[in-house]
Amino acid sequence: MTDEFDALTRSLAHRVTEIDTPDVLRLASLVGRLEQEAARRTLQAVIRPRLRMLRPDRPLTPQRLFCLPFEHLLVNHRSPARFGTPEVPRPAMARLWPLIADPVTCAFHRIELDPASARLCQIRSDPDLIPDTHWSACTRAVRDGLPRLAGDHPDDDDAARSGAIIVECLTLHHPILRLAAEHRDASPGSRCTLEELFLDLFGEHNRSDPAGSERLCRLATPLVGGPAGVVRVLGCGIELGGRDRAAESARRVIDTLVRDLADALRACGRDPRLFDWFARRELDQLLALHGLMWQLARGSGDRWLSGQADLFARALSHFVVGAVLPRLAEAIAARLDAVVAADAGRIATAEQAALERLFGVYDSLDAGAIGPEIDAQARSDRAGFAAALGAALDRHAAAGGLGDRLTAAGGLFKLFELVAGPEAAFHRLVGAAG
Amino acid sequence: MADKPGDVPLRNIPATFEERGVGLPFASERLQLARVRRTDRGQLEMVLPNFADTNALYVVPWTAIPDLGGLTLADRLLHREVIRENATTPFAVRRLWLTIAESGAAGADARERAEAALVVDRTQHLTVSLALVVASLRLIGRSPEALSFHRLDQIPGLLRDRVVADALQEVFGLNPPAWYHSVTNLGEALAPVGLANSDPPARFRQLLRDLSQFQRLLRDWSTTVTGELRALVAFIIEVAEHTRAQVQAPLARLDDQVRDVEALVDGWVRRRADITDDIDRISWLLDGWEPVIALWDEATTGPDAVPAETLDKMVRHLPILPSTEYRQVDETLDPSEPLRRQRRFVRLYEDWRTGREDTALLSLIEKSRTDPSRTGWAGQ
Chain A
16 MTDEFDALTR SLAHRVTEID TPDVLRLASL VGRLEQEAAR RTLQAVIRPR LRMLRPDRPL
76 TPQRLFCLPF EHLLVNHRSP ARFGTPEVPR PAMARLWPLI ADPVTCAFHR IELDPASARL
136 CQIRSDPDLI PDTHWSACTR AVRDGLPRLA GDHPDDDDAA RSGAIIVECL TLHHPILRLA
196 AEHRDASPGS RCTLEELFLD LFGEHNRSDP AGSERLCRLA TPLVGGPAGV VRVLGCGIEL
256 GGRDRAAESA RRVIDTLVRD LADALRACGR DPRLFDWFAR RELDQLLALH GLMWQLARGS
316 GDRWLSGQAD LFARALSHFV VGAVLPRLAE AIAARLDAVV AADAGRIATA EQAALERLFG
376 VYDSLDAGAI GPEIDAQARS DRAGFAAALG AALDRHAAAG GLGDRLTAAG GLFKLFELVA
436 GPEAAFHRLV GAAG
Chain B
10 MADKPGDVPL RNIPATFEER GVGLPFASER LQLARVRRTD RGQLEMVLPN FADTNALYVV
70 PWTAIPDLGG LTLADRLLHR EVIRENATTP FAVRRLWLTI AESGAAGADA RERAEAALVV
130 DRTQHLTVSL ALVVASLRLI GRSPEALSFH RLDQIPGLLR DRVVADALQE VFGLNPPAWY
190 HSVTNLGEAL APVGLANSDP PARFRQLLRD LSQFQRLLRD WSTTVTGELR ALVAFIIEVA
250 EHTRAQVQAP LARLDDQVRD VEALVDGWVR RRADITDDID RISWLLDGWE PVIALWDEAT
310 TGPDAVPAET LDKMVRHLPI LPSTEYRQVD ETLDPSEPLR RQRRFVRLYE DWRTGREDTA
370 LLSLIEKSRT DPSRTGWAGQ
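The listed protein sequences derive, respectively, from chains A and B. Basically our numbering = 1-based index in the first sequence + 15. Basically our numbering = 1-based index in the second sequence + 9.
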């Protein structure tokens with residue numbers, strides 16, 4: 016881009032807060048029509064703070080339509096503290112999009128949307144505006160794009176994980192919308208996530224027509240799609256079933272789902288593909304589900320629910336000790352070795368985020384309080400990492416004052432904090448420095 | 010601890026900047042936006058608004074902070090260094106934090122941010138110093154063209170030139186090493202403020218711009234809300250406006266000084282106190298705004314942005330001008346008045362945090378009333 020363009024951009028950035036609202040909207044429309052993508056992106060970044068406040072109607076682009084089924088999962092940055100929650104980070108989406116843009120754009124260009132109804136809020140709730148075949152085309156495009164993404168970015172866990180979540184959401188989107196449309200009275204509102212829909216199904220219909228409610232649950236259960244969906248639906252069902260003793264049909268569904276989930280967990284320990292699915296995405300939700308079941312069982316004094324919680328806890332504990340912890344320890348040890356060997360003082364942001372995510376599993380397990388065998392195994396693993404890091408710190412930052420030790424291995428001390436806690440890291444740093 | 014939580018914002022408007030304390034960049038969530046200040050007896054203490062989600066203003070002896078728990082490694086280091094250096098000014102606390110963050114002990118993200126901030130500081134130091142050198146050379150009749158940008162190391166060579174040395178002595182009354190010392194010291198002192206036309210702007214000018222943009226965005230957003238929320242926004246905008254107004258005077262004085270290079274370099278030793286006073290004053294005035302602006306950015310960037318829920322937190326953490334400063338703007342102004350306006354009873358079915366009708370609560374109550382199987386509300 017030219018110097019003139021840079022000067023224009025700078026000038027606009029300085030004055031963007033002073034421009035009147037109608038002029039900002041006109042400017043946004045003009046910028047949106049620019050053909051040069053780089054220039055368009057630069058100028059959009061400059062006026063975005065104003066637009067964020069004004070929230071004008073956004074034009075319907077193929078990308079925006081494509082994101083509808085999983086827009087509630089889009090986040091700006093993946094939070095390390097929330098390991099396992101289903102999220103689609105925008106940077107990961109940006110890496111995936113170039114690989115699928117052509118077929119997705121082609122699929123949406125075939126739709127002729129009536130301008131009167133073609134607003135995002137209407138498309139979000141009306142299954143007839145975008146037929147299922149288009150969502151299937153998008154699903155195929157993502158499935159085809161994922162292997163290429165893995166080839167281009169072999170270490171890009173976020174994009175691969177996001178791709179899997181997107182496929183699940185695209186597959187479920189149309190059937191969920193259809194179901195929600197059939198029961199619009201029970202499920203008002205423009206946002207129709209799986210959880211909201213199931214809460215309505217479990218809740219509203221159960222009171223007036225328990226048999227009908229069960230039928231609906233049975234009809235909807237196949238929509239759950241995979242283990243991830245089972246966890247989320249079970250969460251909704253248990254919350255309701257545990258609170259409302261009248262929700263007998265919800266209890267029957269819970270009974271089935273808990274057994275299905277226990278079977279799936281047993282299978283996960285044997286099948287690496289399924290393990291990845293659970294350990295990377297669903298562990299936090301499984302732990303939260305475990306906590307919820309115990310809380311509700313204790314609160315209500317309900318022996319049936321206690322039995323269900325116990326069954327689930329045993330399956331989960333077996334899965335964590337047998338499959339999750341050994342693989343977790345292996346992954347952390349490999350990454351720590353690489354960090355120590357590379358450069359002890361400087362650790363890349365992505366590397367630190369990856370390690371934080373992995374250590375986050377221990378924190379989740381601590382908070383989940385599933386069983387003493389898990390605590391013992393986790394304690395032993397962490398002690399091993401602390402010893403390895405301690406030895407590396409002795410090599411890299413054995414002598415000198417506090418400043419020298421920080422300069423030599425500040426990043427390693429940060430990792431030591433992750434493993435052994437801030438107090439131990441502080442004493443190791445300050446104590447040795449005198 | 011202050012004795013009555015609800016009254017704290019009204020009764021604890023600090024009288025001076027020192028009483029308000031310096032913002033601390035603790036990473037621990039519960040200590041975010043804590044401040045450090047010196048007591049009358051010269052000891053350090055931490056002021057912590059909104060601890061444990063109450064309105065109370067907690068005052069904790071500095072040595073007791075580790076007992077509060079939840080401190081990260083970097084927090085502990087900062088705590089230790091603040092004691093060691095007795096740091097109670099915005100500049101001192103920032104310098105300590107940058108040293109810790111640059112080492113990587115606060116994480117890779119913090120290290121990158123610290124490195125970027127240090128690059129900005131060094132660039133501004135260099136830019137201001139070179140501007141002073143160029144202006145000085147022009148004053149003594151030498152062409153500054155030979156001195157390329159980013160080559161401050163050329164200056165000592167230039168000083169060995171006898172003609173230049175004589176001219177410096179004649180114009181500034183300083184021998185070359187003294188002149189060079191003055192110029193680089195001035196450059197360092199003025200780096201946070203930079204030159205008026207610097208691009209990118211220096212740290213304080215950038216923060217002023219951010220503050221101005223923040224005001225404008227808040228104003229835009231306030232047109233979409235009513236009632237209490239609008240009053241809260243108006244209050245924040247008012248405080249920001251007064252802060253900006255207070256910054257203008259010292260900033261203009263500094264800009265004037267930089268324009269008159271001869272007087273500036275010549276009188277640096279005598280006027281040093283005035284210049285650093287102005288810069289310190291700006292640092293105190295702007296201290297605490299960065300996290301408030303960051304809170305707003307965070308609340309408005311997500312897909313489900315709910316800025317209304319952040320307003321209360323922002324108001325609690327607002328770096329309100331000390332009462333003496335406030336009255337310099339307008340003697341009739343009362344800093345507690347806008348806060349007093351906020352105090353009112355929460356209406357029936359209203360969410361006390363947002364001032365909006367709590368539809369979830371309403372719906373729950375309605376359902377309970379119409380459900381014949383329930384007793385309690387329905388039966389009354």
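It should be emphasised that the hints constitute simulated quantities derived from the structure, not laboratory data. One thing to keep in mind: the hints can contain errors.
Partial pick of chain B residues on the chain A-facing surface, computed with a CB cut under 10 Å [to be verified]:
{"#": "1", "residue": "27"}
{"#": "2", "residue": "120"}
{"#": "3", "residue": "224"}
Stretch-level coverage of chain A by chain B, calculated; a stretch enters the list once three of its residues show a Cβ under 8 Å from a Cβ in chain B [claimed, not checked]:
{"#": "4", "segment": "346–357"}
{"#": "5", "segment": "387–401"}
{"#": "6", "segment": "435–441"}
Ideal Cβ placement from N, Cα and C applies to all residues, glycine included.
Each hint, compared with the structure:
no.	hint	in the structure
1	27	28 Å, violated
2	120	7 Å, holds
3	224	8 Å, holds
4	346–357	violated (count 0)
5	387–401	violated (count 0)
6	435–441	holds (count 4)
Against the hints set out earlier in the document, violations occur for numbers 1, 4 and 5.
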